[in-house]
Structure formats: C-alpha cells, structure tokens
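Novice: Okay, here's what each chain looks like letter by letter:
2 protein chains.
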Amino acid sequence: MFQLHPQLQQDTYPVSESDFVAILLAKDARFPWVILVPKVSGLTELHQLPEDALIRFSRLSAAVSQAMMHAFAGDKFNVAALGNQVPQLHVHHIVRYRDDAAWPKPIWGEGSAQTYTDAALEDRLSLLERHVVPLLAMGGD
Amino acid sequence: MFQLHPQLQQDTYPVSESDFVAILLAKDARFPWVILVPKVSGLTELHQLPEDALIRFSRLSAAVSQAMMHAFAGDKFNVAALGNQVPQLHVHHIVRYRDDAAWPKPIWGEGSAQTYTDAALEDRLSLLERHVVPLLAMGGD
Chain H
117 MFQLHPQLQQ DTYPVSESDF VAILLAKDAR FPWVILVPKV SGLTELHQLP EDALIRFSRL
177 SAAVSQAMMH AFAGDKFNVA ALGNQVPQLH VHHIVRYRDD AAWPKPIWGE GSAQTYTDAA
237 LEDRLSLLER HVVPLLAMGG D
Chain L
117 MFQLHPQLQQ DTYPVSESDF VAILLAKDAR FPWVILVPKV SGLTELHQLP EDALIRFSRL
177 SAAVSQAMMH AFAGDKFNVA ALGNQVPQLH VHHIVRYRDD AAWPKPIWGE GSAQTYTDAA
237 LEDRLSLLER HVVPLLAMGG D
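In order, the protein sequences belong to chains H and L.
Quick note: to get this note's numbering, add 116 to the position in the first sequence (first position is 1).
Quick note: to get this note's numbering, add 116 to the position in the second sequence (first position is 1).
Looking at chain H on its own, in the form it has when it is part of the complex (with noise of 0.2 Å):
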C-alpha cells in the first residue's frame, strides 16, 4: 500500500490527491513550486512506471505546467525527478521567475527555503485548488 515518505510529509503542504497521484505544495514561499507523486509504491523513478501510468502521468504534468505557468504568470517552467536524496518517485513542477530568488539557476540548494505566511499560503492553495486540482479527473478510470 503507497504510504507518503515521509521527508516529503515534513517538507510539503498536501493540496490534494487521486487514486492515481498526490499534489504536494513545497514549504517554500519563495517559488511556486509543486511535487506530484504517483502512488505506486516502491518506485524511485520515472521509468518504472508502467507505459499506461507513464502516458497517463505525461498528460497530467504537463496539464499542472500549463496551468501553473497561467495561474502564476510565471516567465519559465522546471520540471524535474531527481530524488538523490528522497528516493520515493516525486516530480519538481516549479514556475520561475526572472527575477526570483534562484534564477537563472536551478532551485535547489540556492539560499534557504521561505516559511510561508498564513496569507500567503491561503493565497497560493486557493489558486492551485482553482487551477490545478481539477486536472486531477483527467485520464481517470
């Protein structure tokens, strides 16, 4: 049974999930960065998914890219499984900025992450319960 792991408890915000995928909100207030993790359990990358979740996991981040980039007016989008030190499948969905705290360079380990205020947080949930959480139908069974 998928279990969260638990670095990535500590580290998110849930925002919603399916039976198919968990949207996770980074606790980071500096980027409008989201982890979507396919509930298979055991794996620890993308190329172990089977084809049909493969296909069906593609459509579906690339539908929560579009739909970041719109409801963030972002200027460039990061997409990325790393998971050199969280080894559960997760997968970065990040709208940059140009002028945001890391750029040009990739987030990760730039600076120190943002504790987000109350007002923030309600703010960036309220948009990707709007935007994104509705892309969680598609391609269901």
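The set of hints was computed from the structure by calculation and includes no laboratory data.
Take these hints with a grain of salt, some might be off.
Treat identical chains as interchangeable: a pair holds within one or across any two.
Claimed, not checked - No more than 30 Å apart at the CA atoms, straight line, and that leaves these computed lysine-lysine pairs for DSSO-like: (1) Lys155 / Lys143; (2) Lys192 / Lys155; (3) Lys192 / Lys221.
Chain L: place on chain H using the hints.
Specialist: Then chain L, alone, in the frame of chain H:
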C-alpha cells in the same frame, strides 16, 4: 525549420538524431549526461509539445533513461527540463552515482565540467551508440 541553439551546439557532442529528436552528449566527463532535444521549432517548455509528440517524447525519454541506467550501471537517474539559460526546449538525462562529483546534489553549478579524454569520449559514445541510439526507431512514423 528546426535549428539547434548555438549554446547547445557548443556544450555538447552530437550523438545521433531522427526526424523527431536530437541526442546530444554534454561535454562533461564527470557524468553520463545526455540531452534530448525535440526537433520542434520555437518551443521552450515540455508542456508546449502537441499531445502526440508529448506522449512519443515521454516514451522515448523513459526508454533512454532505462537504457542509460543499464549501459552505465548507475545508482540513480535524474531527468530535468530546466532551460533557464538556454531557452530552446531540451531535456537532461543524467546517470548518477553515489560517489559522483556532485552527489547527492543536482549536477548543475557543482564544480566545473571535466573535459573528456579521447578514450573516455570514445567509450561513452560507443555505449550510447549501442544502447541508446537504436531507441530512435521507437514510435516513428
């Protein structure tokens, strides 16, 4: 008509290409690091690929990842579409080792690229030729 961005041209060795995608090897001997470039002009984001190309690319990317992990006996695989510095859509595929030069951090911005010796380059290209290039025939028209 599709043209490879001059910066990608400068930073990589061409490995192979099809009508659909170019396969490049990054000029950094520290990592088995392949860059896939979908040959569609004017794209900057993965989610801008038309749906059929997105699915075809996702399948190819997963197959390349699996083949690289096998060919280079890696510990972990990193896949990322960043493009904050070179706007042309390109997707990094990197074999990681627990004792590589950047582990466990992402590779970008860690230390300096190491020039390939002729022998090391020949070895790497020959493994790619054998294990990765044949995948270009996947999902063709």
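Novice: Determine for every hint whether it applies to the structure shown.
Specialist: To see whether the hints hold, each was checked on the structure:
| no. | hint | result |
| --- | --- | --- |
| 1 | Lys155 / Lys143 | within (21 Å within a copy, 36 Å between copies) |
| 2 | Lys192 / Lys155 | both (27 Å within a copy, 19 Å between copies) |
| 3 | Lys192 / Lys221 | both (12 Å within a copy, 22 Å between copies) |
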